[in-house]
Structure formats: C-alpha cells, structure tokens
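Residue numbers (this note's numbering), protein chains in the order written: chain A, 12 to 209; chain B, 935 to 1025.
Don't read these hints as lab results, they were simulated from the structure. These figures come from a predicted structure and were not determined experimentally. Worth double-checking, as some hints may not be accurate.
[Unchecked claim] As a list, the in silico PhoX-like pairs of lysine-lysine whose alpha-carbon atoms are at most 25 Å apart:
hint, chain 1, residue 1, chain 2, residue 2
1, A, Lys171, B, Lys943
2, A, Lys171, B, Lys988
3, A, Lys171, B, Lys1014
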Amino acid sequence: MWMYDKKLEYPILIKNPNPALAKLIVTQYGGPDGELGAAVRYLSQRFSMLTPQARATLNDIGTEELGHLEMVGTIVRQLIEGLSDREIEEGGFAPYYVDHGLAVYPMSAGGVPFSAATLQSLGDPITDLTENMAAEQKARSTYEYLIRMTDDPDVIGPLKFLREREIVHFQRFGESLGIVQDYLDQKRVFAPQTACES
Amino acid sequence: MTEQELLQKIMELDFYIIDLHLYLNTHPEDADAIGMYNDAVLQNRDLRAEYTQKYGMLTSNHCVSAVPWQWIDSPWPWQKAANFELREENV
Chain A
12 MWMYDKKLEY
22 PILIKNPNPA
32 LAKLIVTQYG
42 GPDGELGAAV
52 RYLSQRFSML
62 TPQARATLND
72 IGTEELGHLE
82 MVGTIVRQLI
92 EGLSDREIEE
102 GGFAPYYVDH
112 GLAVYPMSAG
122 GVPFSAATLQ
132 SLGDPITDLT
142 ENMAAEQKAR
152 STYEYLIRMT
162 DDPDVIGPLK
172 FLREREIVHF
182 QRFGESLGIV
192 QDYLDQKRVF
202 APQTACES
Chain B
935 MTEQELLQKI
945 MELDFYIIDL
955 HLYLNTHPED
965 ADAIGMYNDA
975 VLQNRDLRAE
985 YTQKYGMLTS
995 NHCVSAVPWQ
1005 WIDSPWPWQK
1015 AANFELREEN
1025 V
C-alpha cells in the first residue's frame, strides 16, 4: 500500500516550452532505461529477494522511482503545455501530437511504447541485483545525454537531481549485493526435528 | 514562513529522510545515522502539522480536512502553480 504526498521530490518550474526536448525526455518516462521500467523492475523483484536489507532496498528504491516517474512526467508536460499549432509543427512534435495530443504517454524517444521486455525479474538474487546496478548506470548515462541536449537551467536542475539519485541507488544496490553474497557464503546447519521423535 | 518557504523546508527534510532511509537499509547498525533520521522525522512531523493547519492537505489519508473537502483544492504537483524555484538562502 502507498500513501500519496501531494508534492514532487524536487520542484520543477519550466518557463519556456520546448516540444523537441519533450520528445527526448519522455524516454525517461517510458523508454528502455526509464523510471517506469525501474519502478516495475524493483517492485516486482522484491517479492522473491533474499535478506531483509536487500528486500527493503528494492521496496524503497522502487517507491522512490515512482516519484521520479512523476518528476519526468511533470517535465514533459510543462515543456508542451499550451503549445500552438505552429509550435507543434515547427518543433517536430506533430507525430507525437496526433497520437497523444499534449498528454504524457510512456514511450521511448524513438516512439516505441513502454514494454516490460526491457526489464527482468528472475528470482536469483545475485542476478536481479546485478541487473539493477546496470539499470542505474544505464539511466545515469541517459540523463547525461539528455543534459547535453539542452541549455535550459529550468530543465537541467531536475535532470541533474535525477542523475545523482541513479548514483546513490547504484551504491545501495552494490551494498545489497555484498550483503546477499555474504549471506549465501555462510555455512548453515539444519538441525534434525528431534521434537517429533519423543 | 510563507507557504513556499515552509513547503521547501518540508521537501528538504523529506529528501534528507529518503536518503538516510535508503542508507540505513544497508547499514542497520549505524546508531549515529538512526539518531539523525529520528531527529529529522520528528522535526518534519511538526512542520507538516503546521503546513496542514495553515495551507491544506499534504498527504492522502493522514490529514484532516475543513469543509468543503480540501484535497481537490490546491494545485497538483505537476502544475506550475504548485512549484517554485529553489531558494538558496533557505537551503
């Protein structure tokens, strides 16, 4: 169960519309390394994860990713809100507009709709945590490419915040992986059920 | 404090708490960090109560409402009216 907090994790106030930039940033909403995939990946993997530390890490980073999904959707919406027909055409936004209007739709920058085929939930804790470390790096790279595509400080501020969170999450997943590896390396003794013998 | 100053203060504390929370998941024995976490949560509780009393509901299912129902009243987080530029002097 979740509670909704009626505020963003980091404030976003974009003054200048920019449909061309919105078409790129939407990839972090529903693209292959975007926030929706991150949230679904971690919140699905947590059901079969080992150790209290790693379970909590998946649960809570997955939850934070939902907040990041909201932030990216906010950036996209503020970049396209109130566009005129001329701005839509000149910004190369017409193909998006005819399919989705000025709404936010989970898709990649190339127009591919969101797909769970971009993520895994395998149930092997080493495999899943290693996938997550790679996922955080892929998202970090994508944020860096996006930052290079704009000089608008209103957009760069939240993108830099989101990029930094990828680095922190990578760190926490790495620690979780170490904890799970130590747990699996422990020698475990299974005692016979003597209570039933008497 | 204005509404915006108070909201920024709460957002700063929330972020500090989120980050400490993730750290504590993998460092559950760090007593100093747990102390920092507890202090921040208690301070945040007071600020959130003040915000709710003065400006309206912040968290679903945790805030009481005046009449009429206040939840639908204030702008939503994605709307420009709910947002602001970070003020360095408050950080």
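Now the hints, each set against the structure:
no.	hint	result
1	Lys171/A <-> Lys943/B	holds (20 Å)
2	Lys171/A <-> Lys988/B	violated (32 Å)
3	Lys171/A <-> Lys1014/B	holds (19 Å)
Checked against the numbered hints above, the structure breaks only hint 2 and satisfies the rest.
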